[in-house]
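Protein sequences appear in the order of chains G and P. For reference, each letter of the first sequence is one residue, going 676 to 1148 in this note's numbering. For reference, each letter of the second sequence is one residue, going 1042 to 1292 in this note's numbering.
Keep in mind that the hints were calculated from the coordinates and are not lab data. As the structure is a computational prediction, the values presented were derived from the model and not from experiment. Take the hints with a grain of salt, since some may be wrong.
Derived DMTMM-like pairs: lysine to aspartate or glutamate, alpha-carbon spacing no greater than 25 Å straight-line [as the list claims (entries may be wrong)]: (1) 1129/P <-> 729/G; (2) 1068/P <-> 803/G; (3) 783/G <-> 803/G.
Spelled out, the chains give:
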Amino acid sequence: MSFAAPTTPSFPQNVHEALQDENLQAALRGSRGGFVLRRARARAALPEFDALRDAAAAMKDHVLASLDIYLERYEAQVTAAGGQVHWAETAEDARRIVLEICRRAEAKTVNKGKTMIAEECGINEHLEAHGIRPVETDLGEYIIQLRGEAPSHIIAPAIHVTVPQVREEFRRAHTALAPDRDLEGLDTLLREARAVLREKYFQAEVGITGANMLIAETGQSVIVTNEGNGDLSQSLPRVHIVMASLEKIVPGLEDAATLLRVLARSATGQEMAVYTTFSAGPRRAEDPDGPEEYHVVLLDNGRAKMAGTPFQPMLRCIRCGACMNHCPVYQAVGGHAYGWVYPGPMGAVLTPSLIGVEQGGHLPNASTFCGRCEEVCPMRIPLPGMMRAWREREMERGLAPATARYGLRIWGFLARRPWLYRRATGAARWVMRRMARGRGRIARLPLAGGWTGTRDFPAPQGRGFLAQWQERK
Amino acid sequence: MARPRVALFVTCLVDLFRPAVGFASVKLLQDAGCTVEVPMAQTCCGQPGWNSGDRETARSVAAQVIETFGGYDHVVLPSGSCAATIVKDYPQMFPEGDPLHEAAVALAGRTHEIVSFLVDVMGVKRVSAKLQAQATYHDSCSGLRSLGIRDQPRALLASVEGLTLTEMEESEVCCGFGGTFCVKYPEISTVMAADKTRNAAATGAGLLLAGDLGCLMNIAGMASREGRSFRCRHVVEVLAGQTDGPAIGEG
């Protein structure tokens, strides 16, 4: 699976398949609750956590209001340090720029730290198509690369894979090792992955990493990892490419610190990720190591035009994954069902923005508006409100199903006419009570098969409240 | 203090499916010292339109609610979800400067979900009900996260003689109802509802309580299809001591 062609339009079918997938369901059951518990503990341990969230959101709003100024400053700083910023308006531009850099570096192998922007741009497929081998160095990314899959979570890309599946994959892929070796414990698996990946670090001519932040004041890019793979991916190869979307910018180091304080706590419940790496350009004369070339590919791909729309708050997102960790829909179906790069509540808002609501329209509809995502979002992004805004767009453009559009109008017509409304609900009550045949519930209800396929439908209990109240008066 | 004049907005689901919730609400409000009126022009709060993205229809229904429920000291609903629509959504439906915007803001300020109204506004600390039962409480999403209803129902339930409350795992996780969601994405909704009934059953409680009829119909419908042994009631039925009638989905 790659993200070249979104499968988002077939979301209901994807859901159906996800719910039948026993391995996926086992993996989801295994991970469920862990992130939630750890985030809750981290939050409880930091009294100023909510105040930090306010500060982080306000800072990002400020940046978004002056994005051009900060981006120019960032570019000037990168250039001054000897690096180069490449502006990519589209994913295609980004693919072209990255390939050109890799070709100039005569790269045969490219090491990759974890980057969702590279996923969004389909960098791996593009490099492979041109004879360059991308090697994922994040353990989760490495596992799904072996399996030929895309990430199903923005910070835990292989969360849909069970341990026995990883074991099987390692036996299949690591053919240089003894086939009958012991792979029982998690430690053993980890050691094997580490040994295999270590070797690859020294083979690559180019390293590609993402960026959690870009700092305008200093021209630095910041990545956080728990494995240190980001450091090795960027400091060992001769050429380092940072891929980032343009809203990753923050004004200064203080602001970066504010985001770092909420990021890991929201993501994994850690105070800080194990590695926080600042990179600031190519190796200087006095540096003992580091890349000779430093490139930043800044991707727009539809983000700039979100500014000034109801969807602008989405550009505050720092990709912690808390929304999907707390989302009952994501927890039921996993990330692949969403059909494109970004799953969960943040994906339900961002995907229609980036690939069009015509393709992504299911996602903002597949929500109960339970509000858990907004409750935990470190950047206080009003996710359900923006999903609702997408539904409004669909309604305005006639994209919502005709039954919904006309049904709502008829309901609205009745709801404004109490006397008529009472007649209509009275008739509905009569029909439902007949169908319940005195049992208090209905096993099969026409037009509501989605409900009664798996649940009984409680029938109306006696006459309506308003009618009874009026009589008593 | 003069008796506050309270308009009861029973909600469309209660009027249609479970009048007992309306009568229990009247009793609780009267016991708390309110003069209760039930405006007969009430229908629905408009949430189905608003949440489906049909702003025009939602606004027209909201305008009618604003007119019907003007002039009372408080408007009280036995639903956190419908109350949140009035409190949180109505002010967003009309642009500032529109007279309806001001009226919506005013109505939002006077509107409450019933259990939080009893505790937070009327200062009710205990009820006089009795019920020998072990119950568990599901936190309905809108009430919990939009209106902060969590401790109030538990405080009042603690005063019901004979009742013990056993918390279930993930009591704050959505039951999968979600208005039209449950029929638009039935497979996901089913998984969520089944998680809820499993967590509720694991407490051993014979009774599941919640403050929203939508959630309760979903949970009760799933529980009865699965043959679970617990029953479902709206929390006000227990608080008002009106539990003689059949539980939800039982006749």
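Each hint, compared with the structure:
no.: 1; hint: 1129/P <-> 729/G; result: holds, 20 Å
no.: 2; hint: 1068/P <-> 803/G; result: violated, 72 Å
no.: 3; hint: 783/G <-> 803/G; result: holds, 10 Å
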